[in-house]
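Protein chains: 2
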Amino acid sequence: MLDINTPAETLTIDDMRAAHERIKPYINRTPVLRSQYLDDLTGAQLFFKCENFQEAGAFKVRGACNAVFGLSDEAAEKGVCTHSSGNHALSLSYAAGRRGIPCNVVMPRTAPQAKKDAVRRYGGTITECEPSTTSREAVFAEVQARTGGEFVHPYNDPRVIAGQATCSAELLEQTGGLDAVVAPIGGGGMISGTCLTLSNLASDTAIYAAEPEQADDAYRSFKAGHIIADDAPDTIADGLKVPLKENTWHFVSRYVTDIQTASEQEIIDAMKITWKYLRIVMEPSCAVPLAVILKNPDAYRGKRVGVVITGGNVDLDKLPWIKG
Amino acid sequence: MLDINTPAETLTIDDMRAAHERIKPYINRTPVLRSQYLDDLTGAQLFFKCENFQEAGAFKVRGACNAVFGLSDEAAEKGVCTHSSGNHALSLSYAAGRRGIPCNVVMPRTAPQAKKDAVRRYGGTITECEPSTTSREAVFAEVQARTGGEFVHPYNDPRVIAGQATCSAELLEQTGGLDAVVAPIGGGGMISGTCLTLSNLASDTAIYAAEPEQADDAYRSFKAGHIIADDAPDTIADGLKVPLKENTWHFVSRYVTDIQTASEQEIIDAMKITWKYLRIVMEPSCAVPLAVILKNPDAYRGKRVGVVITGGNVDLDKLPWIKG
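Protein chains in written order, with my numbering: chain A, 155 to 478; chain B, 155 to 478.
Same shape as in the complex, but just chain A:
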């Protein structure tokens, strides 16, 4: 059985398959949507895998469920814990709730109230920290020591990567094959899972990672050949601010075809276009792939391209194209 210390390089496609069997009762097989308008606009055939339609609103339920339901009964008794200001906190709370075990989440006190409410709705317990790495690490160490819960990292965790890998397995089945897949990159969990699946099942499919210019640490890492972490990147694509770690760097450095970046305005424009023509509610992070496709048409024209819509937990009272 995988644990948080399993080396990334030992992950196999069978780990993805075992994850898929394990999590199927708890996740949605999300639909793949198409839009003739967006195809015409990009010159590509786009297949949007809508992970915003997961119950907790993000692909992260896949990794969270794989970690939670892979625990032995003994380990599960003490529950799970993590630190996250976003979708991983919701997703782990959802997964723990489905298994009926405790979930402790350390969140910055500045995290959006809507996200805190959702964690509590799923039965998670929040311990607040200051919005700094020092405070987060100190508070998290205390919570973990006190509860004895199993730490499930938001992305630098082989169980989580194997779970995220199930998304592109479904996408391949639903489309019958693709020339390329584009997914956003933050810490690299989704991209690493995509690499695990595609490098084994569809090695001709190109893998593009899409990143905000204003949080382009993965792009610079990829060019430099080693991890570069930024201190405090600022972008509207708030799910993509975190840096790569060793487990995700393993996949990114070996299997990603290229990393492309987009400006804040390009992200907002792509977000609004997707809401309008695909008619889905999605986070700014999910708009980065369409933004880079529109910006690099030669890389995608005439191709069958999968696009991962990673999540849909948005503050509907504050949309970036409406001046408040």
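Calculated from the structure, these hints are not laboratory results. Virtual Cβ for every residue (Gly too), placed ideally from N, Cα, C. Errors might be hidden in some of the hints.
[Unchecked claim] Distance condition first, Cα-Cα at most 30 Å in a straight line; then the derived DSS-like pairs of lysine-lysine:
{"id": "1", "chain 1": "B", "residue 1": "Lys270", "chain 2": "A", "residue 2": "Lys477"}
{"id": "2", "chain 1": "A", "residue 1": "Lys472", "chain 2": "A", "residue 2": "Lys395"}
{"id": "3", "chain 1": "A", "residue 1": "Lys395", "chain 2": "B", "residue 2": "Lys426"}
{"id": "4", "chain 1": "A", "residue 1": "Lys430", "chain 2": "A", "residue 2": "Lys457"}
{"id": "5", "chain 1": "A", "residue 1": "Lys430", "chain 2": "A", "residue 2": "Lys399"}
{"id": "6", "chain 1": "B", "residue 1": "Lys430", "chain 2": "A", "residue 2": "Lys430"}
{"id": "7", "chain 1": "A", "residue 1": "Lys270", "chain 2": "B", "residue 2": "Lys426"}
{"id": "8", "chain 1": "B", "residue 1": "Lys472", "chain 2": "A", "residue 2": "Lys449"}
{"id": "9", "chain 1": "B", "residue 1": "Lys430", "chain 2": "A", "residue 2": "Lys395"}
{"id": "10", "chain 1": "A", "residue 1": "Lys430", "chain 2": "B", "residue 2": "Lys477"}
{"id": "11", "chain 1": "A", "residue 1": "Lys232", "chain 2": "A", "residue 2": "Lys399"}
{"id": "12", "chain 1": "B", "residue 1": "Lys430", "chain 2": "B", "residue 2": "Lys399"}
{"id": "13", "chain 1": "A", "residue 1": "Lys472", "chain 2": "B", "residue 2": "Lys472"}
{"id": "14", "chain 1": "A", "residue 1": "Lys430", "chain 2": "A", "residue 2": "Lys377"}
{"id": "15", "chain 1": "B", "residue 1": "Lys449", "chain 2": "B", "residue 2": "Lys477"}
{"id": "16", "chain 1": "A", "residue 1": "Lys472", "chain 2": "B", "residue 2": "Lys270"}
{"id": "17", "chain 1": "B", "residue 1": "Lys270", "chain 2": "B", "residue 2": "Lys178"}
{"id": "18", "chain 1": "A", "residue 1": "Lys430", "chain 2": "B", "residue 2": "Lys377"}
{"id": "19", "chain 1": "A", "residue 1": "Lys472", "chain 2": "B", "residue 2": "Lys449"}
{"id": "20", "chain 1": "B", "residue 1": "Lys472", "chain 2": "B", "residue 2": "Lys430"}
{"id": "21", "chain 1": "B", "residue 1": "Lys399", "chain 2": "B", "residue 2": "Lys477"}
{"id": "22", "chain 1": "B", "residue 1": "Lys178", "chain 2": "A", "residue 2": "Lys232"}
{"id": "23", "chain 1": "A", "residue 1": "Lys472", "chain 2": "B", "residue 2": "Lys457"}
{"id": "24", "chain 1": "A", "residue 1": "Lys426", "chain 2": "B", "residue 2": "Lys457"}
{"id": "25", "chain 1": "B", "residue 1": "Lys270", "chain 2": "B", "residue 2": "Lys399"}
[Said to hold, decoys possible] Which residues of chain A face chain B? A partial, calculated answer using Cβ under 10 Å:
{"id": "26", "residue": "Pro185"}
{"id": "27", "residue": "Phe223"}
{"id": "28", "residue": "Arg275"}
{"id": "29", "residue": "Leu432"}
{"id": "30", "residue": "Leu473"}
Starting from the structure of chain A, add chain B where the hints point.
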């Protein structure tokens, strides 16, 4: 072959089946989405049929495609025409574009620019009229005489009703059966199609129509036993302002279980909840069903309920819960 003068009472389930075969190449088999949160909130099991994911953004492509692709080559040559300020105009333009025939649409000059742009994008030709019945009828008579195009009514047209009927046929297949279906009612095209299909294929399934209080002509017609038309109803659910006509009254008066109404605020609240938890972009009209389910919990608790999300063509710059 059906035409606009075919009496509604002669429509059979085979007309629905023929429509489905005819339109399948041109429509999306839209997904059915679920939400544990909304199930918990209502006490029902809700199955949302997402017609907002049709290419033209509404179920109305079903009826429009059935009418357009049912025409003989000779009749098709002169194209089609209609009057509509909304989704029927887009949908007929889309259908005509797919067949490669002309489409002439009479639209009030006050119709939203976005809808006019979409009609033109699909190849439709717009003739503007004043926003009054007199002007619309005069301008439409002139356009029809000049072009000789086949008139496809937005809803009082057996070809259109047979096309809309395909939606609940898919919903039944996708869910394996339902205790009730709730759809919004304006002119009654969607509800009539729902009645045609369910009365034949699932006669135990209750059919509820959901209507804005501020445009409750169908509700009052249903109670009075004859068609009552309002002059100028005003509601945020702008797709539901039109009155019943004889072909839709045939179905509404015979097969609808009940008509329930909701206030403007209840519609807006249900709309925002659906955007937030189902994470789809949909029109205010589509929120009326959830609003009446929340308002009449006893009618739905413990039941398997289909909800038709009729369309997703919204002005994203003006959302009703954000003060501009």
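Hints, verified against the model:
1. The straight-line distance between the Cα atoms of lysine 270 of chain B and lysine 477 of chain A is roughly 25 Å, inside the 30 Å bound, and the hint therefore holds.
2. About 20 Å separates the Cα atoms of lysine 472 of chain A and lysine 395 of chain A, which keeps this hinted pair within 30 Å; it holds.
3. For the suggested pair lysine 395 of chain A and lysine 426 of chain B, the alpha carbons sit about 28 Å apart, so the restraint of at most 30 Å is met.
4. Proximity of lysine 430 of chain A to lysine 457 of chain A is assessed by CA-CA distance (about 23 Å); at most 30 Å being required, the pair is judged to hold.
5. Proximity of lysine 430 of chain A to lysine 399 of chain A is assessed by CA-CA distance (about 35 Å); at most 30 Å being required, the pair is judged violated.
6. Between the alpha carbons of lysine 430 of chain B and lysine 430 of chain A the distance comes to roughly 16 Å, so the proposed pair stays at or under 30 Å and holds.
7. The suggested pairing of lysine 270 of chain A with lysine 426 of chain B holds, with an alpha-carbon distance near 19 Å, which does not exceed 30 Å.
8. Restraint check for lysine 472 of chain B and lysine 449 of chain A: the C-alpha separation of about 28 Å stays at or below 30 Å, so the hint holds.
9. A threshold of 30 Å between alpha carbons decides the hint, and for lysine 430 of chain B with lysine 395 of chain A the separation of about 23 Å falls inside it, so the pair holds.
10. The straight-line distance between the Cα atoms of lysine 430 of chain A and lysine 477 of chain B is roughly 20 Å, inside the 30 Å bound, and the hint therefore holds.
11. Of the pairs offered as hints, the one joining lysine 232 of chain A and lysine 399 of chain A holds, with about 26 Å between alpha carbons and a cut-off of 30 Å not exceeded.
12. Under the criterion of a C-alpha separation no larger than 30 Å, the hint pairing lysine 430 of chain B with lysine 399 of chain B is inconsistent with the structure, at around 35 Å.
13. Using a Cα cut-off of 30 Å, the hinted pair lysine 472 of chain A and lysine 472 of chain B holds, with the two alpha carbons roughly 12 Å apart.
14. Proximity of lysine 430 of chain A to lysine 377 of chain A is assessed by CA-CA distance (about 35 Å); at most 30 Å being required, the pair is judged violated.
15. Among the hinted pairs, lysine 449 of chain B with lysine 477 of chain B is consistent with the structure: their alpha-carbon atoms are about 25 Å apart, no more than 30 Å.
16. With a CA separation close to 28 Å, the supplied pair lysine 472 of chain A and lysine 270 of chain B stays within the 30 Å bound.
17. Restraint check for lysine 270 of chain B and lysine 178 of chain B: satisfied, since their Cα atoms lie roughly 26 Å apart, inside the 30 Å limit.
18. With a CA separation close to 38 Å, the supplied pair lysine 430 of chain A and lysine 377 of chain B exceeds the 30 Å bound.
19. Our distance criterion of 30 Å between C-alpha atoms is met by lysine 472 of chain A and lysine 449 of chain B, whose separation comes to about 28 Å.
20. Distance check on the hinted pair: lysine 472 of chain B and lysine 430 of chain B sit about 17 Å apart at the alpha-carbon level, within 30 Å; holds.
21. Among the hinted pairs, lysine 399 of chain B with lysine 477 of chain B is inconsistent with the structure: their alpha-carbon atoms are about 36 Å apart, more than 30 Å.
22. Among the hinted pairs, lysine 178 of chain B with lysine 232 of chain A is inconsistent with the structure: their alpha-carbon atoms are about 52 Å apart, more than 30 Å.
23. As the CA atoms of lysine 472 of chain A and lysine 457 of chain B are separated by approximately 35 Å, the hinted pair breaks the 30 Å bound.
24. Taken as a hint, the lysine 426 of chain A and lysine 457 of chain B pair is broken in the structure, with Cα atoms around 36 Å apart against an allowance of 30 Å.
25. Straight-line distance between C-alpha atoms of lysine 270 of chain B and lysine 399 of chain B comes to about 26 Å, which keeps the hinted pair within the 30 Å bound.
26. The closest approach between the C-beta of proline 185 of chain A and any C-beta of chain B is roughly 4 Å, which is under the 10 Å cut-off, so the hint is satisfied.
27. This hint is violated: phenylalanine 223 of chain A has a C-beta 17 Å from the nearest C-beta of chain B, more than the 10 Å allowed.
28. The beta carbon of arginine 275 of chain A comes within 8 Å of a beta carbon in chain B, closer than 10 Å, and the hint placing it at the interface holds.
29. Because the beta carbon of leucine 432 of chain A sits about 8 Å from the nearest beta carbon in chain B, less than 10 Å, this interface hint is met.
30. At a threshold of 10 Å, the smallest CB-CB gap from leucine 473 of chain A to chain B is about 7 Å, leaving the interface hint in force.
This entry does not satisfy hints 5, 12, 14, 18, 21, 22, 23, 24, 27, going by the numbered hints stated previously.
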